[in-house]
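Below are the chains, spelled out letter by letter.
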Amino acid sequence: MGRFKYLLVLALLALCAWQIGLDPVRIWQGLPHMGALLARMANPQWDYAAQVLETLAETLSMAVAGALLGTLIGLPLAIIAARNISPHPVLCRLTRWLLAGVRTIPHVVWAALLVTVFSIGRGAGVLALSITAANIVAKLLSEYIENLEGRQLDALKGVGASWGAMVVYGVLPRIAGRVWSLLFFALEVNVRAATVLGLVGAGGIGQLLWRDLNFLRYDRLATLILILFLTVAAIDGLSWLARKLQNLELPGLVFRGYKNFRAWQWLKLALGAVVVALALGWSISLLGISWDRFVLGLKQGSSMLGRMLTPDWSYKHRMLQGLAESMYIALFATIAGSLLAVPAAFFGAYNLWRHKAWPVANKLAVNFIRTFPPVILAIMFFRGVGPGPLAGALALTIYTTGVLGKLYAEIVEAVDSRGLEAIESTGATPIQVWVYGLLPRVLPDFLAASLYRLESNVRNATIMGIVGAGGIGTWLMLNLSARYWERVGLLLLGMIVTILLVDAISGFMRRRLS
Amino acid sequence: MLELRQVNKSFPGGVQALADVSLTVKPGEFVVIVGESGAGKSTLLRTINGLVRPDSGEVLVNGHDIGSLQGKEQRKLRRGIGLIFQDFNLVERSTVLTNVLAGRLGYNPAWKTVLGSFPPEDVELARQALSRMGLGDKIFNRAADLSGGQKQRVSIARALVQQPHLILADEPVASLDPPTAHDIMAWFRKINQEEGITILVNLHDIHLASQYGDRIVGMRQGAIVYDGPAVSVNGEIFASIYGRAPVGDKFNGAL
Ligand SMILES: Nc1ncnc2c1ncn2[C@@H]1O[C@H](COP(=O)(O)OP(=O)(O)OP(=O)(O)O)[C@@H](O)[C@H]1O
Ligand SMILES: [Mg+2]
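Sequences listed follow chains A and B, in order. Residues 1 to 514, numbered by this note's numbering, are exactly what the first sequence covers, in order. Residues 515 to 769, numbered by this note's numbering, are exactly what the second sequence covers, in order.
These are calculated hints, taken from the structure and not from any lab test. A virtual CB, placed ideally from N, CA and C, is assigned to each residue, including glycine. Keep in mind that a hint or two might mislead.
[What the hints assert, rightly or not] Straight-line alpha carbon distances no greater than 30 Å define the calculated BS3-like cross-link-like pairs of lysine-lysine that follow:
id, chain 1, residue 1, chain 2, residue 2
1, A, K299, A, K316
2, A, K244, B, K652
3, B, K652, B, K626
4, B, K652, A, K268
5, B, K626, A, K259
6, B, K586, B, K626
7, A, K363, A, K406
8, B, K590, B, K626
9, B, K626, B, K704
10, B, K652, A, K259
11, B, K590, B, K704
12, A, K268, B, K626
[Unchecked claim] Residues from chain B that face chain A, not an exhaustive set, calculated with beta carbons under 8 Å:
id, residue
13, R567
14, K590
15, G630
16, V637
17, Q676
[To be verified] Computed spacing ranges between beta-carbons, pair by pair:
id, chain 1, residue 1, chain 2, residue 2, range
18, B, R703, A, N351, 47 to 53 Å
19, B, Q520, A, A100, 40 to 46 Å
20, B, G630, A, P444, 44 to 50 Å
21, A, V102, B, Q677, 43 to 49 Å
22, B, E550, A, G150, 18 to 24 Å
23, B, E587, A, G101, 36 to 42 Å
Isolated chain A (complex conformation):
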């Protein structure tokens, strides 16, 4: 039975490979072109770089504003959605449904929809980033709140505290650090997302990307991608620093009396209010959407929604074809990426190597790969294999290898090494130790991580089409720009159903694993 399952997975991989047109010869022949693209990155065009940097500033401000707004919106949503502190069970359930619904639509699609509602430009981009960031923050934070010890809240319930007092005295101080790190996590996610939003007209560097891609200016693309890469890496580094900062112990303040203490509390409250107000004001000003425009947008949005809710069923063949292609891309990337991540993890796990140079080099490489947003990677593959699902699948495979390589390595590092020493003492070679001692133990966790990745890859595969890398996104973009809302409605419906279905199946399988 066990063997049979693996054969099934390999057969699935082969089917996907065939469907996306995997052709080793084509890839082989494309390699020199891709090599040339990489080589070009080594000597960037400085005059073009200046232009890129200007738009980069816009992209970054979009990402920051989206992270700030997202966190500010996500925090109250998280408290409402957390089962153990929610003010009302019905409200809690409704919020969870809302969040789950919003989550099925990828950020680029949100941006594309918002662009048509609120006009082209960064406003739509900031809104799209805020929506997805708020969702991430609300989901992760509500899970965190639910994991707080029940007794910690009981202590306040026990003194007869009201709901508001419980939130302020029992929940907020306990989640403050988490909110801080989620803000930066949202920023990391947003920076990657913001680079591609311009592709659908939502401002930022993606607009340059789009132009260079259309005019086949690979010389410029090389410069642009290099700058993007450095930016994403820099933001990741900054974010890491900021999260470290949170653990910094401030020297305890000494208060001379209660008055001093209260003054300090007021000062903190006032400072906090000012910071939040500034963040909010700046982010909203960045939207650049006037109130009248907003109201008009809502009107347009509702008529658009009305048309989307009466889907054009005659278009269902294209939808099914696109969905199938997206699924092939996602499955191929997940399976191939998982297989590639296994060696990456074993070479990257600290506890398996006496000399740490190996894992350090490996971790660097894995982090390097992860830095490229999948859509950007797909564009790089265009140079080798041309636009189409193959480029999308290869890009997503590489990205998946990067993410899973890191996760798998962390799983291996969490394994108790005593069992391994027992096998090692029988004189087994390292490879034997890994295969017989380690793999069986980490496999369930590997599989669970891969299933999570599948969920995320299905979303990624649906948006590959916006740059022409195959899947349902191709048809979505076509009909979005033609404002064919009945068809957009049908395509979105298909996407949402598929994503919910994959999430449900994956969730079921993960529960069976544990």
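Got chain A sorted already, so can you dock chain B with the ligands onto it with the hints?
Using the frame of chain A, we list chain B with the ligands on its own:
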């Protein structure tokens, strides 16, 4: 005055945590509840302050059935009951003073406390409670910086500012070393004797129980199997509570 009448509570999974429990505690009593792990001690205490709703039976606190009350009425009854836990349940990031003032949350309107504002009397109350517990010099320290015994004294101070008629303590010394455990138990006895606050303490350890309690209630599988003065607990009674004989000379005739 506390009275439980035929209280039953089952949890999903078929565990009967409380089986027909009836118990009357007079004002000013010091009652220690003992029993092995899973006997239902915590559930009993949580039922008394309404954190757990019984399936049947009544829990009368000062004549009100706390299990049937809701919202504001229940909160009003709760604020007169101090609650102390094994792992202190302080907010580590907040100051000692803020943790103790939390005991006054039930007495003040939410919108004021949300801004950190408490009436001066409350602040004075917290200050006094802390200096009583020997922590007068720690009021502005972060709770995280205290030792285990100090943290438990903070949570006793939090209970004291509730001006309770009843304190419920769920294994308050289980995370402490023996000398500190005795210290904390002595504090309970002190506030029981000096202020006449009724005290119900869960303990694992029957030796500690008979040393500090006036009255011992033994629980086994959700039911009360012994209820009597601490002095008359003997080997036989021990066996009925724990389902095994006491180990050798550790359990001597003095009990
Ligand atoms: N919220 C709950 N859900 C399900 N079962 C519970 C819950 N709370 C308690 N139980 C079960 O009820 C029984 C009594 O639990 P309780 O915590 O009251 O015991 P205890 O005497 O305090 O034990 P310990 O000494 O380990 O703290 C146990 O079998 C426990 O598993
Ligand atoms: Mg207990």
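How the hints compare with the structure:
Taking the CA atoms of K299 (chain A) and K316 (chain A), the gap is about 28 Å. The hint holds against a cut of 30 Å. Straight-line distance between C-alpha atoms of K244 (chain A) and K652 (chain B) comes to about 28 Å, which keeps the hinted pair within the 30 Å bound. Annotation: proposed proximity of K652 (chain B) to K626 (chain B) holds, straight-line Cα distance about 25 Å (limit 30 Å). For the hint linking K652 (chain B) to K268 (chain A), the alpha-carbon distance of about 21 Å falls within 30 Å, and the restraint holds.
As the CA atoms of K626 (chain B) and K259 (chain A) are separated by approximately 17 Å, the hinted pair is consistent with the 30 Å bound. Proposed proximity of K586 (chain B) and K626 (chain B) is supported: the alpha carbons are some 17 Å apart, at most 30 Å. Between K363 (chain A) and K406 (chain A) the CA atoms are separated by roughly 7 Å; this keeps the pair inside 30 Å, and the hint holds. Among the hinted pairs, K590 (chain B) with K626 (chain B) is consistent with the structure: their alpha-carbon atoms are about 17 Å apart, no more than 30 Å.
About 33 Å separates the Cα atoms of K626 (chain B) and K704 (chain B), which puts this hinted pair outside 30 Å; it is violated. With a CA separation close to 16 Å, the supplied pair K652 (chain B) and K259 (chain A) stays within the 30 Å bound. Using a Cα cut-off of 30 Å, the hinted pair K590 (chain B) and K704 (chain B) holds, with the two alpha carbons roughly 26 Å apart. The straight-line distance between the Cα atoms of K268 (chain A) and K626 (chain B) is roughly 16 Å, inside the 30 Å bound, and the hint therefore holds.
Violation of the interface hint for R567 (chain B) is found here, the shortest Cβ-Cβ separation to chain A being roughly 13 Å, above the 8 Å cut-off. With a least beta-carbon distance of about 6 Å to chain A, the hint placing K590 (chain B) at the interface is held under the 8 Å criterion. For G630 (chain B), the shortest C-beta to C-beta distance to chain A is roughly 5 Å, which falls under 8 Å, so the interface hint holds. Look at V637 (chain B): its Cβ gets to within about 6 Å of chain A, closer than 8 Å, so that hint holds up.
Nearest Cβ of chain A to the Cβ of Q676 (chain B): about 6 Å, under the 8 Å cut. The hint holds. Range check, R703 (chain B) to N351 (chain A): about 51 Å between beta-carbon atoms, so the 47 to 53 Å window is met. For the pair Q520 (chain B) and A100 (chain A), the beta carbons lie near 44 Å from each other, so the given range of 40 to 46 Å is met. For G630 (chain B) and P444 (chain A), the hinted distance range of 44 to 50 Å is satisfied, since their beta carbons lie about 48 Å from each other.
Hint check: V102 (chain A) to Q677 (chain B), Cβ distance near 48 Å, so the stated range 43 to 49 Å holds. About 22 Å separates the C-beta atoms of E550 (chain B) and G150 (chain A), a value consistent with the hinted range of 18 to 24 Å. The supplied range of 36 to 42 Å is met by E587 (chain B) and G101 (chain A), whose beta-carbon atoms lie about 38 Å from each other.
The earlier numbered hints that this structure contradicts are 9 and 13.
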